[in-house]
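Engineer: Use these hints to put chain L onto chain S, whose structure you have.
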Amino acid sequence: MRKLGAIGKHAFLLIVSAVSLFPFLWMIIGMTNTSSDIVKGKFSFGSEFFNNVNRLFEQANVGTAFLNSLLIAVIGTLLTLLLCSVAGYGFEIYRTKGKDRLFGVLMLSMMMPFAAIMIPLFRLFSQWGLLNSAVAVILPTMTTAFMIFFFMQNTKSFPRELLQAGRVDGLNEWKLFTHIYMPTMKPTYAAAAIITFMSNWNNFLWPLIALRTAEKKTLPLVVSSLASSYNPDYGIIMVAIVITTLPTILIFFLLQKQFVQGMLGSVK
Amino acid sequence: MRGSLNKSSLIGWQFVLLPSALILLFSFFPMVQSFILSFESGKGNVSEYVGLGNYSRLLSDPMFRQALFNTILYLIVQVPIMLFMGLIIAHLLNSPKLKLRGFYRTAIFLPCVTSLVSYSVLFKSIFAVDGIFNKLLMNLHIINEPIAWLMDPVWARVVIILAITWRWTGYNMIFYLSAMQNIDPSVYEAASIDGASKFRQFFSITIPMVKPIILFTAIISTNGTLQLFDEVVNITNGGPGNATMTISQYIYNLSFVYTPNFGYAATVSYAIVIIVAILAFLQMKIGGEKK
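Chains as they are written, first to last, in the UniProt record's numbering: chain S, 1 to 268; chain L, 1 to 291.
Among the hints, erroneous ones may be present.
What the hints assert, rightly or not - Okay, the calculated bits of chain S under chain L, using three or more residues with CB under 8 Å as the criterion: (1) 27 to 41; (2) 51 to 63; (3) 84 to 93; (4) 194 to 202.
Everything labelled a hint here was simulated from the structure, so no lab data went into it.
This structure is a prediction, so every number in the text was calculated from the model and none was measured.
C-beta: ideal position from N, C-alpha, C; glycine also.
Here chain S stands alone, though its shape is the one from the complex (with noise of 0.2 Å):
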């Protein structure tokens, strides 16, 4: 009876880890096959994968896009860890009435529907200019209540007596900041860096509204773009769906535990 039981656990898990792991065999499958061999469910390695490759840099922009991503994702991390972290520093270590008020209201911003400001986000920076830009789609998302509250709750953690030593040594209360805080902190910014670079990369709906033409595109854009032609050349969209995803697998496999520790800091 136990060892039946056993056989059965493994078996639930390993359906379904098949069912998980598919869709990647699926798209390094796909980039080697002709768009209505995959529409057939052809399930087997081809030989058309250089003509993908060679017909995708064709079509579409995909170095652009690729540099376009990198750019808006790497600036957008950089700025969020900057403006989260001195924010949730100050949350944390002065804390006072009057911020824990603020940081409440702050929090309501994570109630937000994005489609509820898209529409005057939108009206905003089509009036300031910005639209069509990298800055435009890096602005509105660099400051998120959420990892501001994500190192809020790390910086709990963070032995005070260290702040103390550093005043006594004579450092101003930023270089505490920059000195003492930042470095003590790796860990945390490397998890924040991890979430924070995957959800920018990975961003549709506001790059969607936000940048208009081809050579502004990201790569989830010129992803969505081909695919959704009248009829798709899923050959070459493969071989898109595997440059988008790879920096993320990447990213996933070497950081594996700041990755996790990324994803539960906020519930700790």
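Structural biologist: What follows is chain L alone, placed relative to chain S:
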């Protein structure tokens, strides 16, 4: 002493001022503008005050009703299935002696690293009429004729639900797993000695112990599902007809696909705000009582 406290409080404000101002500018200010906009109507940037006109239009708008129905359907069908699946998988993975544990955990979590657009397009190709999924079902003799997944209003919704479940089950599972690892093993030992079955232990120990995390994931998933956009746009583009369209997509279409009517779009967006507010209130009440 008092002087230094005031000074340190002022320095504290320096730290929080700019980030707070940015959130006010890019979240709260647009929320207020959206509200004002919801009383205006017109094409593009030319609009005039119409009072509650948009709100009465909303009540008799069949497209809005359809989008609202779909969004709520996804919410009440998909979220419970996904959270329950996540709990069961986490429970099974929560035994240190389990072989292949690391492999299962990584495999089931891996969907979370894909972009919403990419996985949606993958699902679209998997569920093509002559596609691999139909082929599999036919080889297993579950069906005789291929199902036109994305052309049928009911099956298209099923595909959307399957897709979201694929993407997010592992995400929730990780939260549960980490919460379950904090449960003292001696609790289970004591229960075993008392003769409680594994099944019983799951419902009487595991679930009550991770309840706060279940509430947390329920709130996150509810919020995410109410804002569903990427999947629907990229798998079915709201079709067939408008059978899979969500409220977010309807707002997008009203603003950027049909002849733009920002005022009415803002009104529709306030429908989500109201739903989010009601659900948040309910969830906090339920969560609050249990504490």
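Engineer: Could you tell me which of the hints above the structure violates, numbers in ascending order?
Structural biologist: Number 2 only.
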